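S.K.: Combine both chains into one complex, guided by the hints.
Protein sequence lines correspond, in order, to chains G and L.
Residue numbers are given in my numbering: position 46 of the first sequence equals residue 46, and the series is strictly consecutive.
Residue numbers are given in my numbering: position 102 of the second sequence equals residue 102, and the series is strictly consecutive.
These are calculated hints, taken from the structure and not from any lab test.
Do not take every clue at face value.
Unchecked claim - In silico lysine-lysine, DSS-like type, Cα no more than 25 angstroms apart, as pairs:
1. Lys70(G) - Lys102(L)
2. Lys99(G) - Lys102(L)
3. Lys56(G) - Lys68(L)
4. Lys99(G) - Lys24(L)
5. Lys102(L) - Lys26(G)
None of the values given here were measured: they were computed from a predicted structure.
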Amino acid sequence: SQQGEEDPQALSIQEGENATMNCSYKTSINNLQWYRQNSGRGLVHLILIRSNEREKHSGRLRVTLDTSKKSSSLLITASRAADTASYFCATRGSGGYNKLIFGAGTRLAVHP
Amino acid sequence: DAGVIQSPRHEVTEMGQEVTLRCKPISGHNSLFWYRQTMMRGLELLIYFNNNVPIDDSGMPEDRFSAKMPNASFSTLKIQPSEPRDSAVYFCASSFGGGNEKLFFGSGTQLSVL
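Isolated chain L, as found in the complex (with noise of 0.2 angstroms):
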């Protein structure tokens, strides 16, 4: 099994700018997660899919952070417009089951916006 598979790897854009971060989950895992790790506030979930539906969005810190998950092997989650302070490495994950077993998580996408 390849992983979960997140590209880009590397993401530097301007302020301004959207900012599209695509995962691809492991096959037939059911639920995903989309985190962001940063020095100050260490890892944050933004946003938690079930069986391609958005459960939990609690964590996105507000309206210009947007995620789809089209289907069971796609996500996106989208930035805009993009801001200095969203620069992190953003994480996707995926397991099997209702969100309670361990998590599979991508390489990350490291995002710099200038």
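Bound-form chain G, shown alone (with noise of 0.2 angstroms):
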């Protein structure tokens, strides 16, 4: 079953703005990981966030955690038609092994 649900489904926005997807998950988390995949590509992993981190930025992608309400954002500032992919959170649990779960992604369409 799937862990983290992406907040929207599909995305459609214009080169330059902000692009925001949100992540909620349902159990206690280790990490959160946010992965892109392009058309007929493998995933391709953005960024890894700990469940004692916040905030976390890469280039122009900046993720936050809340824990307290188990949910995590993903924001692509300044976008571009490279951008345009499906976006997926994945979760960890904690404790030992646990399997790395993924929602269903938000396809972020950039148009030029």
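M.R.: Laid out in structure tokens, this is it:
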């Protein structure tokens, strides 16, 4: 079963705008990860945030984590057409080995 | 580094045939994962190997599916006999560590069972 649920399912914006995607999960986690998937390709890891962290940055990406609300957000600033892809959050439970469970993803379309 | 290498890239077969998917993980990685992706069910973990040993195969749908990892640089996922509902994209991923770090995915095998 899916642990993370992304919102929205689809997002369409213009180049230069910011894109925000949200992820909610159900159980306690060790870490939460965001991945990108271009059409017809494998997933590419973007950023990992641990349960004791609240915010991380990587280039134009900003990820926040609120463990009290069991939610995370991915912000892409100054979007580009090349950012068009599906974005997935994935959560790993706490305690020993736990599966990395992926959400259904958000399809982002950035129009020139 | 060449990344995770999967073959074939596309596979079209008829119901009842045996299908073998192959994966070469990134050198030095000790964890390997097989995932299946469909529109209906999203990304599902089928099996996880650590140091060539299957740790979690609870996601393997049924006995028609089997996976092996004879050495650190090669893994196979076999479906025998294949059924149309097995049609999906199958991904192999690897990581270094005990499965708690980021995964590196291959480009996937698009399987169509007619």
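S.K.: Compare the structure with the hints numbered earlier in the document and write down the numbers of the violated ones, lowest to highest.
M.R.: Per hint list: single violation, 3.
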